[in-house]
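*Asks:* Listed here are the chains, written in short residue letters.
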Amino acid sequence: MSLRIVVTVKYVPDATGDRHFADDLTVDRDDVDGLLSELDEYAVEQALQIAEGRRQGGDDAEVTVLTVGPEDAKDALRKALSMGADKGIHVEDDDLHGTDAIGTSLVLAKAIEKAGYDLVVSGMASTDGTMGVVPALVAERLGVPQVTLLSEVSVEDGVVTGRRDGDTASEQLQASLPAVVSVTDQSGEARYPSFKGIMAAKKKPVQSWDLSDLGIEAEEVGLEGARTVVESAAERPARTAGTIVKDEGEGGKQLAEYLASQKFI
Amino acid sequence: MAEVLVYVDHVDGAVRKPTLELLTLARRIGEPVAVALGGGAGDTAAALAEHGAARVLTDDAAEYADYLVVPKVDALQAAVAAVSPAAVLVPSSTEGKEIAARLALRLGSGVITDAVDLEAGGEGPVATQSVFAASYTTKSRVSKGTPVITVKPNSVSVEPAPAAGSVEALSVTFSEQATGTKVISRTARESTGRPELTEAAIVVSGGRGVNGAENFSLIEGLADSLGAAVGASRAAVDAGWYPHSNQVGQTGKSVSPQLYIANGISGAIQHRAGMQTSKTIVAVNKDAEAPIFDLVDYGVVGDLFQVVPQLTEEIKARKG
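If you read the sequences in order, they're chains A and B. Numbered as in the numbering used here, the first sequence ends at 675 without a single skipped number. Numbered as in the numbering used here, the second sequence ends at 845 without a single skipped number.
Next up, chain B with everything else stripped away, as it sits in the complex (with noise of 0.2 Å):
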């Protein structure tokens, strides 16, 4: 069977969930081998194997970590020259995209980015993207030399099957851009003990109708009763309520959670562009005539302060 690239993001050995989600739908087209880099690469094989990884690359070169992306590329360009896989899977991040589309460029194939769905093709796999603020669908493939794919968080479910995660260390040679770009130094973000926003199942998020970083609290309380990130609209964050880092929308994080709870926010183009392709979506807002209705599978038109705190009340009762 054809095998099947894929990166594999991580933090210190931890392997964050999107990877998973990549290496199930690497299945679907061939035999999954993790491309794991930089310190940890190891321990990653675990999870790796436990998830259908038959077999783990990994190199802990302090390149990765020192310098910006090309000493990734390196790797996985020595990867594909060591495997001759069908198709490179990689997670939709920043970096992820900017990994996979110079890997293909070197490649002398193409790139699809931000694929919410994939399926094996007669001429190659088939990536389902969703495009101009989510009111098209389309299917594409990459169609000169080995596709590389990256895959938005949240667009399959991980579904364990074990393999044998064999370890093979991975040989690089690192190209004269490699260094080219050094990290003089890194601030790991401060946890908030809450999911990622880019991977979360559910994300509930709070906009103009907030009115005020002080009131946020409502928003983070009915988020942590259900387990979930918290969004922002591009309002809240420009008015200094939110970090930026939680911002929703084209300028800021494209989100696509199983459920998405937002909370007076209006709903304007550039919003529902990073959220439009949740799979259910609810809205709390006093305006009925909001354009984040047209979109909604349950809406409350009401006052958030009062519907959020009797929401965050009730889903607490229930959950007992």
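Same shape as in the complex, but just chain A (with noise of 0.2 Å):
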């Protein structure tokens, strides 16, 4: 039986550009360059090691990848499929503009539930909102176990396995299938895409979904359905210009006066 893997992935703004709000509070995506979240490649890499693996022991498996945002967050889902992934799709909704972590989460797996699932893999968290809660909300939606923030995982006989490194402790989990699984840039390096691999690409499908396709209601999701409100967004005033001093021989006793006088000696 075909292991039915599928991969979350977010389109986000580059972190290198200048990234803001727009009127409504919302990220500002605009003004911006996006791209496939920098810890969702590891998501990719690992489903499609999964993937591989058991192809290799004679069974198949199939990896989906899903995306949630506008129409430029199939370049999220392109990198994924020049990767490797077999499909994608891509969930799109004029209504979901200003969709925070809860209502994401409702829209993934509602979508996760309509591709068909035993498996889903997700980064740790996205580069732009950092919060790193999608995985487990999915879950709790999905009712399934949460194998969550692995530097190491594996899946065998319907049993996912894996390394999660915490502040005082590392763990080693295990779940049986369907699970969601999230993993961290530890996990392993991603592929880069080939050239073989972004022609093919080109050709992969990719559907297109809407909130009805979903069984969702507008007022669910987007900035009406969202559980927090910004009430103000304040770009932080420029670092007040700090005292740089160039060493000449006294440079260590110099920045020890400094702490000395700001109290931390």
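If you're looking for bench data, these hints aren't it; they were derived computationally from the structure. Since we're looking at a predicted model, the values are computed, not measured. Just to be clear, a hint being listed does not mean it is correct.
[Stated by the list, open to error] Below are the EDC-like pairs computed for lysine to aspartate or glutamate, each with C-alpha atoms no more than 16 Å apart in a straight line:
1) B:LYS811 to A:GLU658
2) B:LYS811 to B:ASP828
3) B:LYS664 to A:ASP505
4) A:LYS656 to B:ASP828
5) B:LYS664 to A:GLU641
6) B:LYS707 to A:ASP575
7) A:LYS524 to A:ASP623
8) B:LYS844 to A:GLU667
If you follow the hints, you should be able to join the two separate chains into one complex; please do so.
*Replies:* Below, the structure is given as structure tokens:
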């Protein structure tokens, strides 16, 4: 039987660009280029490795990459497809503008159920919101185990096993499929798409769904459905220029003097 | 007065500092009621009472250690049902954020993560967050249901405020999902004797300029002279010079100490994302053009192999 893997990916504003807020206090996406969130590349990589391992063992596997976002978000799908994913799903709807993490988890969970799945693989967090809560929320919505923040992951005989490195301890985790997994940047370097992969990606199927395809009402998502409100967003005032000294033999002592003046010593 | 639930992060009954910070913040909104779970939960009461917990709800079921995240969500949900709090506060660890999000979803409310400040507002608590690599400061609130908010370590100074801290057993019925993800084994992180990176008041970090694993002893020496935690940039971690658990930045840990000392770190946006909310920033770098100097309160343009040992010696001399 084919193992159905769904990878959730996000199209994010480039962190090296000038990110700012629009008038409605949502992220302004018009003025900055987007790309596949770097942390999601690790999820695509692990999904591909799990699928490849399965195929080598004579079984079948299919990797579907799923994203929610405006038209441009297709770029994130194309990148994942060029890395080797089999097909894409793009959920796009004007009513999604301003959706928060809890709303996003609803859209993802409905789309994952509609697509059919045995395993969901996500990145540990997006590189824009950096909340790191969506995989746990999707697991809660789907009612399946969360096996999150893994630096190592393997799937065998319907069981997912992984290592989670926390602040105070490292844990070995195990759960039966279906399950939601998220992986960290320690899970293994993501592959670069080959030229062949890039060409092949152009021919891979990408389905487009909107909210009605998923049976979601507009008021459940978007700014209206959001359960948090941003009341204000202020650009952080530029730091007042600090004191910069050139070391001419006494740099360490000068720095110590500064730290003492600030009561750190 | 409205009650505010505070989720207690502890290791075998020893309460970690971020929880004491939460108790300090909780008092701005209402009366803190702490929820301590797992082995040693009852032992947390004295520390929690000293910092303002009126009540301490405890449950030491084995499920909290044996299964991932969900049993703790079940317990907090039971506590919310029992207390009807004005808000639930959780430390902003990776696990804390997962617990908070799942709880908010179940409560039909919203979640705010990584708050750096919290104040009472007319329509519920208002959280300050620092976003886009700390280039923006936002103020947000939860608009539906019981607000669930996670707060970053070092967001507030701990203020003791003795309270009753009466211990009460929390009755928890575990959900079907509670036992879904089994913890097969747990290996405690070997203690370096230094403070935990994410909760340290001072962080001393090294980057590409440290130029080798063996030279990190210089960074450690400076850290030890200040009682600080050691951090590393992604470049240093990718080169294998220091463990990933110490990586500061977008794909590592986010730190917000009183003092951050960056040594041989250029200050790429990914690194800045993880440390820019530090109160005071100091850098040592031989490249006068390094972007880190745009952020600093005090910078030394110089060779870290000269400056850092001199600084360490001077600190030791001053501390006597």
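*Asks:* The structure should be examined with respect to each hint, and the outcome stated for every one.
*Replies:* Hint-by-hint comparison with the structure:
no.: 1; hint: B:LYS811 to A:GLU658; in the structure: holds (12 Å)
no.: 2; hint: B:LYS811 to B:ASP828; in the structure: holds (5 Å)
no.: 3; hint: B:LYS664 to A:ASP505; in the structure: violated (24 Å)
no.: 4; hint: A:LYS656 to B:ASP828; in the structure: holds (10 Å)
no.: 5; hint: B:LYS664 to A:GLU641; in the structure: holds (5 Å)
no.: 6; hint: B:LYS707 to A:ASP575; in the structure: holds (15 Å)
no.: 7; hint: A:LYS524 to A:ASP623; in the structure: holds (9 Å)
no.: 8; hint: B:LYS844 to A:GLU667; in the structure: holds (12 Å)
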